[in-house]
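What follows is the residue order along each chain.
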Amino acid sequence: MSRNDLSARGLVRRYGGLTAVEDVNMDVPSGQITGLIGPNGAGKSTLFSLLTGVEQPDEGKVLLGQRNITRMSPDARSRRGLVQTFQVPSLFPSLTVADNLLVAAENRRRDYAGDLLGFRARGRSGALQIVDDVLASLRLEDIRESIAGTLPTGALRLVEFARALCARPDVLLLDEPASGLDAAETERFSALVRRIADDGVAILLVDHDVDLVFKVVDRVYAMVGGRVVAEGAPAAVRADPTVRSVYLAQGPLTSKNTGASPAGGPSGGGPPADSPPTGGPPAVAVSSGELR
Amino acid sequence: MTSINLALTAISLGAIAALSGIGVLVTYRTNGVLNFAQGGIATLVAYVFREMVVEWGLPIWLAAVLALAVLSPGIGLLLERLVFRPLARRRASAAESLVASLGVLVLTLGMTAGIWGLGSRGDAPSIFPADTVKIGDTRVGVDALAELAMVAVFCIVLGILGAKTKFGRQVRAVVDDRQLAELSGVPADKVAAAGWALGTTMAGLTGILLAPQFRLTPYGLTLLVLETFAVVVAARLASLPVAVLTALGIAVAQSELKQVTLDGDAGTVLTVLQSNLFIVMLLVLLLVVPRLRELGNGDSGSTGSFSSRGAPPSGPVSRDEARRDVLGKLGGAALLMAPMTFAPADLRSAFMVPALALIFLSLVILTGYSGQLSLGVAGYAGLGSLFTLKLANGDLFGLPAVPGIWAMFIGAIMVAPIGLITGWPAIRRRGLVLALTTFAVGAVVSRFVFEQPDFASGLYVDPLELFGAELGDKAFYLFELFCLGLGLLVVRSLHHGRIGRALLAVRDHSEGAAAVGVDVRSLKLLAFTISSAVAGLGGALLTFSASSFSTDDFAPMQSLLWFTAVVVFGADSAAGAIIAAGFIVAIDVLAPAGSSILAVGILALSLGWLPGGLASAVRGGIAWVARVLADEFVPSAHTTHAAANRLARAGGAVPGMAGAAGATRHGAAGSSGTSGSGGSGGGIRIVLPAGAPRPTPLGETLLVAVANHTARSGLTLEMLPSARAGEADSAERQGLAGPRPHLPGVPVERGA
Chain A
1 MSRNDLSARG LVRRYGGLTA VEDVNMDVPS GQITGLIGPN GAGKSTLFSL LTGVEQPDEG
61 KVLLGQRNIT RMSPDARSRR GLVQTFQVPS LFPSLTVADN LLVAAENRRR DYAGDLLGFR
121 ARGRSGALQI VDDVLASLRL EDIRESIAGT LPTGALRLVE FARALCARPD VLLLDEPASG
181 LDAAETERFS ALVRRIADDG VAILLVDHDV DLVFKVVDRV YAMVGGRVVA EGAPAAVRAD
241 PTVRSVYLAQ GPLTSKNTGA SPAGGPSGGG PPADSPPTGG PPAVAVSSGE LR
Chain B
293 MTSINLALTA ISLGAIAALS GIGVLVTYRT NGVLNFAQGG IATLVAYVFR EMVVEWGLPI
353 WLAAVLALAV LSPGIGLLLE RLVFRPLARR RASAAESLVA SLGVLVLTLG MTAGIWGLGS
413 RGDAPSIFPA DTVKIGDTRV GVDALAELAM VAVFCIVLGI LGAKTKFGRQ VRAVVDDRQL
473 AELSGVPADK VAAAGWALGT TMAGLTGILL APQFRLTPYG LTLLVLETFA VVVAARLASL
533 PVAVLTALGI AVAQSELKQV TLDGDAGTVL TVLQSNLFIV MLLVLLLVVP RLRELGNGDS
593 GSTGSFSSRG APPSGPVSRD EARRDVLGKL GGAALLMAPM TFAPADLRSA FMVPALALIF
653 LSLVILTGYS GQLSLGVAGY AGLGSLFTLK LANGDLFGLP AVPGIWAMFI GAIMVAPIGL
713 ITGWPAIRRR GLVLALTTFA VGAVVSRFVF EQPDFASGLY VDPLELFGAE LGDKAFYLFE
773 LFCLGLGLLV VRSLHHGRIG RALLAVRDHS EGAAAVGVDV RSLKLLAFTI SSAVAGLGGA
833 LLTFSASSFS TDDFAPMQSL LWFTAVVVFG ADSAAGAIIA AGFIVAIDVL APAGSSILAV
893 GILALSLGWL PGGLASAVRG GIAWVARVLA DEFVPSAHTT HAAANRLARA GGAVPGMAGA
953 AGATRHGAAG SSGTSGSGGS GGGIRIVLPA GAPRPTPLGE TLLVAVANHT ARSGLTLEML
1013 PSARAGEADS AERQGLAGPR PHLPGVPVER GA
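Chains A and B are the protein sequences, given in the same order. Anchor point for the first sequence: position 152 equals 152 in the numbering used here, and the numbering is continuous, going up by one each time. Anchor point for the second sequence: position 124 equals 416 in the numbering used here, and the numbering is continuous, going up by one each time.
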């Protein structure tokens, strides 16, 4: 197991009588994109919070490499390389784009006392270098000095992603990264995620846009009712009978855009071989309702 | 006395607390505003009621009807219409509504203090006869029974109203989503107004019932009502019955405590508890109750709406900006030095300014830079003062007496660990809960420390000495400025660089900050710790400038007033904090007591229209005026230095001839406009287009100032094509000031 892999072992999270996450095992290996899908209320978001440290599991553990990080706070996890993005972009609206990124780039160490006493020049040029590199690689130089609160949603997503990259992640957890992006942006975004994974980063992608997930991921987990019901290569999961029955009340799972998802966009690749032709309108019109 | 007897006497207080709690809950459930003004409104109504009965001689029933059926609901309707409806319309955050309600509180306090003074009155009339009735073997006051009956009636009526009627459904719809409710035909404004009217009526009732039981003072009664927030917290902002039961429970427990006597320190604590159980319970409940059922989307932690400035530039700053910055700071410093030239009495009045400014700076650190509400700053300031005096007097833990100046700094540093401890609850708390918690901490400290003779009596303030020489008035003022400078340095190091950005990130979006590795906990604690030390230093200075320690200076109500003032003047502006201090002290010196409270209250209510506070409004206003003036008159915004120089050369050939229209006032304009450029003789000249009306002296000065500024700021901008066209033939026209059809306005000339 590589130093950067994220894995969950036997995670359980209960809210009163409801078990939101039930005995979930999951591996997010480095250099790969792992997908997580599931209908509303399947426990995706809870699992995501358990991985990021926003919530604590009742049972089970979360491992980063060999290290048990189950009880670590989100910021401590982030400093160890586990970085997340949010469903609703979470930029610092009053700061410029560059400052937003700089916050991420310069907070892998904690010694605030040194800064208070005035040794703050140390290491700053390094952080600025990271910010400049990331801005250049995402072609965001034009909005470098824009105030984040004034940007449109598409740009917000991209800047939040850039900010996550500035934290130099080993594992990147993306919560519905494509919602709010138009087709072209989604396309660009998929390519970008692939490039990052190729650099050896472990990526977990949670999204309602099933098309996007199946298109970009190497491996996918499907959750229903708090359990993982299927896992494996996208084609295999797509063919899984449980996944089909949950996702498609009437029609089979297709790569055709349902139209309800703003993130959808026409799918680039052809439909997978095992996908029968569309029989009726698929019932997967989700995404916008989930954005709260 | 038996404990049953005690319990019965307590019922009156408990019932009143319950009524107050019902009022707060009704306002909160219908409007999502935790109404801090409850106490202020109660006090105002109580004073008006007393005025009607005692001074005007109205019969009690008539006065009661006027106060409770006309005045109180009237206040509520007015507040809803003028203050809170605009806020709800633009979906203001809960933090903003909180500040607005603090503004109302400060305003009502200011009115009460302004009209009736800050003194206490013992002749508040009671609406119930002083009779008692016999129940079993005990006699119970009519008032207690009547109050209890009122509580029961209100509970039942509100319960039925909420659960069974159309109105109740409408309330729930409005609370869920006001805009959505309106779209589905619910008269949201009416529902909100009804909630306010009912809430303020309960407030008025609370005030009228409480006043005869205690002496009537503006601060005292207000605080008493605010203490009943314990009841609301126990109800988790939701449940009426829980609120009522808690109110009665606390009141009974408080009176039962009176039976117990203990010796020693425990006895002292007990004595305080016997009259302060409500405020203690407020703090305990806030620490214990897991989560309040807050309305809305839980954004109540967001202070973004009134502190939204970003970080100072992280890159290198242009020389001109740096120069402007330095000039601004020099100007500010000069203003702060001005009192040195005052008459001794006025200088002494000015002593308060740096001290208050330091306290306000501590709030800027906490609220403006790290986004945490704090309504307990007076507690830290008072502790700083107390530690300093104890150290200086040599009776703190048997430590030897320390010279005053060093005692001050040590005292301030000793407040820091207390800030750290009390900041602990703040890690997981935000918004309303944090505001209430800090308020409770401040109030508890005030009750258990400042008001205890053991701690706060026999303190004397010796004049400060430095190297054996006693500090005179001027030297003391300079010393204060030195401390203020220290505070500004601290603020600077917390606002610049990595820490500054990290703190702003926590303020803007703490989850997002945590997600990229910012240690949110440590930074929040750091802000709390440093801010409490700064407040402690300010408090010590405040005591030395008044030459005596007064509990009133650090009363819990002061925290509310100070917090409001800081938000009004721009919570994220260090300059705003200093200006606020100057403003408050100036008004207090020049106008009758209470006027500064009134002024701050009025300004706070304007927050509904000026998001970001006065400072941001002024900043915005200046930027706007400058832009308009620049667009209107100054082509030099599109003129390079070279062009300005060319103009100057051309004009220099015929000095005094340039601009026939402006020529007559040249001398005055030139001399007033060149103060910054230092040029002798030449300077900035205004050339008006032919046929333009001659500007007034003020207008001309303005034009010169703007032109001067743009020329000096060295903006390397290109010329407008139209301006360039004018430039082409300007050489021959320069001396003639002929018509310049293309030029939009006034070209600038610059002396050699």
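What the hints contain is simulated information worked out from the structure, not anything from laboratory work. In this text the structure is predicted, and so the values were computed from the model without any measurement. Even for Gly, the Cβ is constructed at its ideal location relative to N, Cα and C. Please note that the accuracy of each hint is not assured.
Claimed, not checked - Computed, partial: chain B to chain A, Cβ under 8 Å:
#: 1; residue: GLY477
#: 2; residue: ARG793
#: 3; residue: ALA797
#: 4; residue: GLU803
#: 5; residue: ALA806
#: 6; residue: ALA807
As the list claims (entries may be wrong) - With the C-beta cut set under 8 Å, the calculated list includes, among others, these residues of chain A facing chain B:
#: 7; residue: ARG14
#: 8; residue: PHE86
#: 9; residue: LEU91
To be verified - Have a look at the derived ranges for each label pair, beta carbon to beta carbon:
#: 10; chain 1: B; residue 1: ASP481; chain 2: A; residue 2: TYR15; range: 20 to 28 Å
#: 11; chain 1: A; residue 1: ARG14; chain 2: B; residue 2: THR457; range: 32 to 40 Å
#: 12; chain 1: B; residue 1: PRO378; chain 2: A; residue 2: LEU138; range: 49 to 57 Å
Hint by hint, here is what the structure shows:
1. GLY477: violated (24 Å)
2. ARG793: Given a least distance of 5 Å, the restraint on B:ARG793 holds.
3. ALA797: OK, holds: B:ALA797 within 8 Å of chain A, min 5 Å.
4. GLU803: Interface hint status for B:GLU803: holds (6 Å vs cutoff 8 Å).
5. ALA806: holds (4 Å)
6. ALA807: Hint on B:ALA807: holds, closest Cβ of chain A at ~5 Å, below 8 Å.
7. ARG14: violated (17 Å)
8. PHE86: holds (7 Å)
9. LEU91: Check passed: Cβ of A:LEU91 comes within 7 Å of chain B, closer than 8 Å.
10. B:ASP481 with A:TYR15: 20 to 28 Å: Once the Cβ atoms are compared, 37 Å apart, the range 20 to 28 Å for A:TYR15 and B:ASP481 is violated.
11. A:ARG14 with B:THR457: 32 to 40 Å: holds (38 Å)
12. B:PRO378 with A:LEU138: 49 to 57 Å: For A:LEU138 against B:PRO378, whose Cβ atoms are near 40 Å apart, the range 49 to 57 Å is violated.
In summary, the numbered hints that this structure violates are 1, 7, 10 and 12.
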